[in-house]
Amino acid sequence: MRFSEILHLVRLNLTQNKFKVLLTSIGIIVGAATIVIVIAIGRGGKADVAEQFRNLNAGAIDISYEQAQSSGFSFGGGGEGMSFPGGGNMPDFSGGNFTPPSGGDFIPPSGGERPERGSGEISGRSGFFSGFGEMFGGMFGGDGETKNTQKITLTTDDMDDLATYVPGLSETTISYTTKQDIYGGNIEETESYTVAGTLSDYADLSNLSLLFGEYLTDADNENKSKVCVLGYSAAKAIFGSPEDAYDSLVYIDDRPYTVAGVLAEQGTVEAGISADEAIFIPYATGIKYLTGSDISPTITVIAADVNDIQTVIENVKAVLASSYPDAEFTISDAGSKMEAANKSNETLTLMLIAMASIVFVIGGIGIMNVLFVSVKERTKEIGILKAIGGSRKDILLEFLLEACCISMIGGVLGVLVSFLVSPVISTFSIRMEMSVTGAVLALCFSLVTGTVFGFYPAWKASKLVPVEALASE
Amino acid sequence: MSEQIISMQGICKSYQMGGETLNVLKSVDFSVNKGEFTAILGPSGSGKSTLMNIIGCMDSFDSGTYLLNGIPIHEAKERDLVKIRNEQIGFIFQNYHLIPTYTVMQNIIMPLLMRGEDRKTAEKECQEVVEMLGLAERLQHKPSELSGGQRQRVAIARALCSKPSLLLADEPTGALDQNSGAEVLRLFTKLHEMGNTIVMITHDLNVAKWAERTVRIVDGEVFEDAG
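As given, the protein sequences belong to chains A and B, one line each in that order.
Just so we're aligned, residue 210 is where the first sequence starts under the numbering used here, counting upward by one.
Just so we're aligned, residue 936 is where the second sequence starts under the numbering used here, counting upward by one.
Possibly wrong hints are sitting among the right ones.
Pair by pair, the computed Cβ-Cβ distance ranges are [as the list claims (entries may be wrong)]: (1) B:Lys1098 - A:Arg601: 22 to 30 Å; (2) B:Lys1018 - A:Ser635: 55 to 63 Å; (3) B:Gly945 - A:Cys653: 54 to 62 Å; (4) B:Glu1080 - A:Met560: 49 to 57 Å; (5) B:Asn1141 - A:Ile235: 49 to 57 Å; (6) B:Met952 - A:Leu232: 39 to 47 Å; (7) A:Thr660 - B:Gly945: 43 to 51 Å; (8) A:Cys653 - B:Lys1098: 15 to 23 Å.
The set of hints was computed from the structure by calculation and includes no laboratory data.
Just so you know, even glycine gets a beta-carbon here, dropped at the ideal spot from N, CA and C.
Sequences are here, hints too, so could you generate the full structure?
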């Protein structure tokens, strides 16, 4: 029998059983809609991640320093009071002299001063205390060394060191944030805002674009000028609109700053400074008028090649270690953050796709059941077709194509349903990015389900003996 | 000697029924010449339906030889039997066995479609038969919209369309009233006169009388011409 004629028969059978086809394909409709929606949510999540990280350069590496807490009795850190150093070492009573009982080198205690190379280290891993120390080291961090006991403030000199000694960097910058009281514009009482001290290149490195005016310049920093750039939301909140904010005065810690520019809206960000809410001032201006040396700046270096990030990080560590041998810096690269966020997003998407697959299997079983019933109902018809010369292949193909068509109809309806449902889902603040890929995948899944689950009933139909099929009631 | 369409020698067929062997056909010898109109007459349970299924290549048999139009059916494989059913035999069933979801035309051309012909060619080929059987006005109707006699005429048209060497009718008037039954039998006579070979299974002697030759089947054994 010609394929086109088999298709014609399939169409005939399906159009005469529209309601049955619809009911049969419900499982597939749900499965296909789920696939499309899941992929849309996955893509939406990915887009969210991309948006949240858009102020980060993929090659950006942030370096900061956190001093260990050391008030009173503490583990794993030096400084004031009594402390236990990190794992693998003997107990150390800071400020006093303590000699390890066995096998260890005596190291002068560290007492909150800037460390020299090797200072604050106590090594001695033999005997009972060694195990004791390891136990505590494992529990409370440390790596056999006393880390971050000193107050370290990263400076532009450190930034220059990195720029000079770390190969493969395209740019470097340094910034810090502080909370300051602000008034001016429409604000009647002072409000607390994040003020970021940055260099002139910060805007470029963080992909910030300006709505009005210009970003801070090198001259602003050198002259410690009292100028600022407002984030979009900050400008709106303080002055009512970005236009009004431009070239106006805003008071930071009671000192007037001229608004040199207003940033375009950046949206929510996952990492770095949330630019919309922030006020940017020259780095040196902030140190002079706001913070003094009481800041924890972050040096940001940009790897020229994103594939070299790990090498750059190792080199950054090495350069910093030469200046601060006992310090452990927090180094994070934007690429890893993005990768981690994307990975978790992909995991979630995969999980949802797995769930959708289960729905498909259930839908497929539904199709199989209905086809079995259909074969039973149409046993006589199969017998007639076989009696007048219908081959096994014809019968198999007819029933299989019916299953495929039912599932494809289900797939198409499912895709339509997903497009209808997506605006509703979006109202629950779930970002969805509908895609052709999702729709195609859903249709492919539908087709495969129909073929796989339709095969057995179709095969059973093709195996019917004509005389028995004709005799069936 | 006339050409034989059916030539059966020593056909045996048995079924297993609850551990017992039921011999339905006992070494049946049966032949039909080309152009003959033969009635196989027998009561219920005599084995006539089994014989018809074997003649129609829809059922296997345990032993014996069967030549249909010279083709050794006893050696044929399932694939060959499909082709033989399609090309050599035109079936006419008691309950018409039309496909309810298809139109009259779709039912009629189905054997030709099974053969691989396209729809238009098949419809053209069937036109003459359709007109002869007076079905031209009913082609787009569904079987459920026809009377019993009309349905049987559709079944006959379907059987004739493939130009088979044998028309095999199983109780063709069994589901019809007397007039419709007589109309169908007159049609059979006409088809016979046109040179068709017809084998008709019936339990009704009055129906069998329409055939030129009657063969009785009793307890699985065939006896030549009772008349």
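Could you see if the CB distance from Asn1141 of chain B to Ile235 of chain A stays within 49 to 57 Å?
Taking Cβ atoms as reference, Asn1141 of chain B and Ile235 of chain A lie about 55 Å apart, which means the hint holds.
39 to 47 Å as the expected CB spacing between Leu232 of chain A and Met952 of chain B, which holds or is violated
41 Å, holds
With respect to the beta-carbon atoms only, verify the hint that Lys1098 of chain B and Arg601 of chain A lie 22 to 30 Å apart.
24 Å, holds
Falls inside 49 to 57 Å, the C-beta gap from Glu1080 of chain B to Met560 of chain A?
55 Å, holds
Do Cys653 of chain A and Lys1098 of chain B keep their Cβ atoms within the hinted range of 15 to 23 Å?
45 Å, violated
C-beta pair Lys1018 of chain B, Ser635 of chain A: status relative to the range 55 to 63 Å that was hinted:
Holds, at about 60 Å.
Per the hint of 54 to 62 Å, is the separation of the Cβ atoms of Gly945 of chain B and Cys653 of chain A within bounds?
57 Å, holds
Is the hinted range of 43 to 51 Å satisfied by the C-beta distance from Thr660 of chain A to Gly945 of chain B?
47 Å, holds
Checked against the numbered hints given earlier, the structure breaks only hint 8 and satisfies all the rest.
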